[in-house]
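All chains should be built: construct the whole structure from the sequences, respecting the hints.
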Amino acid sequence: MRVEGNTKKIAEDLLGHYDVRARRLPWRAPPGANAADPYRVWLSEVMLQQTTVAAVIPYFTKFTERWPSVEALAAADDADVMAAWAGLGYYARARNLLACARAVANERDGAFPDTEDGLRDLPGVGAYTAAAVAAIAFGRRAVVVDANVERVVARLFAIDIPLPNARPAIRAAADSITPETRAGDFAQAVMDLGATICTARAPACGICPLRTDCAAVLTADPAAFPVKAAKKIRPHRLGHGWWIERPDGHVWLVRRSAKGLLGGMRALPSSDWEAAPDPTPPMTAQWRALAAPVAHIFTHFSLALTVHVAHVTENCQPPGEGEWWPLARIGDAGLPTLFRRAADAVMKESAQHARP
DNA sequence: CAGCCGTGGAA
DNA sequence: TTTCCAAGGCT
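At position 165 of the first sequence (counting the first as 1) the number is 235 in the working numbering, and the numbers step up by one without a gap.
Straight-line C-alpha distance at most 20 Å; calculated SDA-like pairs for lysine to any residue: (1) Lys329 / Asn166; (2) Lys301 / Ala270; (3) Lys78 / Arg281; (4) Lys78 / Ala239; (5) Lys301 / Asn235; (6) Lys329 / Asp342; (7) Lys298 / Arg237; (8) Lys298 / Arg271; (9) Lys418 / His366; (10) Lys298 / Val287; (11) Lys132 / Ala146; (12) Lys132 / Leu118; (13) Lys78 / Arg241; (14) Lys418 / Arg358; (15) Lys79 / Pro249; (16) Lys132 / Asp148; (17) Lys132 / Arg163; (18) Lys132 / Pro96; (19) Lys302 / Leu373; (20) Lys329 / Tyr161; (21) Lys78 / Asp89; (22) Lys78 / Met261; (23) Lys132 / Gly401; (24) Lys298 / Ala272; (25) Lys132 / Gln119; (26) Lys418 / Trp395; (27) Lys329 / Arg163; (28) Lys78 / Glu250; (29) Lys298 / Ala265.
Bear in mind the hints are in silico, worked out from the structure with no lab data behind them.
What follows is the structure in structure tokens.
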């Protein structure tokens, strides 16, 4: 472990690099501008949870154009926000985003809390996001620890305890190098470094502004830090999805229950997803299965969804809650990726069917 | 507290 | 092709 004297040098080296090389990102105030808008900082941090910058940018642009303030977002319809989030994943974030916006708009007159503790009480705001918003939007000294910080700090100090047991040591080390001022810039500088130079697989140590501060660069394999515990194998599951199409060009869509996988999202009616799911259709009809199931990989299991198609009469009413959605606007339904792919597969096959 | 919760890009 | 990974939070 490093001694006190070097910790200040690390922040100075990194901030000096950041002042010249900071990435220009839509949620960052331009250099020399006033402090960033807390609404935009918070929105970006939530979107960036376990999500890459490249994936977030178009969603951030869309959200801030459509809902430019926390009050505007708080007044939005749930269905519109969920549909706008479709494709970004981890949909509990979108549900918590709305709950948080409404809490801030309705109970706090639109003002975000300006301390870590206050922010931490908001839905969808955990230890990381509270620290990041406190530091970036409000200039607080906060110790911001995300996956980038874990990697950079584990390398700087050559911490060889496997994750997640290394977390306390990593946090203490991160605390030791976090400066009293510019903690927000410092946090973003570490994340820029982690994203562009101190990357997970092939760190560019030769151009790293911290190479003279780093313990791992002196080892045979700097990329070996942080050490991680072995991960589990991903189980495979099967499922059935039901495409019910009306002759006037509508398909029957349902909304999934608020909790659990793809919670709150529009979807095709479908079975549970397990080793041997119930193949019983939701209604009697002439069912025909697509030749190839839709394969999709979630974080903790992979899925093969067999899509069954039925063409029903105009006055047909499937059981349960749902809505007839126009095929011409299927792209606006806000389907999560699994069901968007299922819809693509059905439309592609029916197009081929029409032109043999 | 370990498991649950998406997605797409990189290697 | 498969594996790994990303500005985590909730229960």
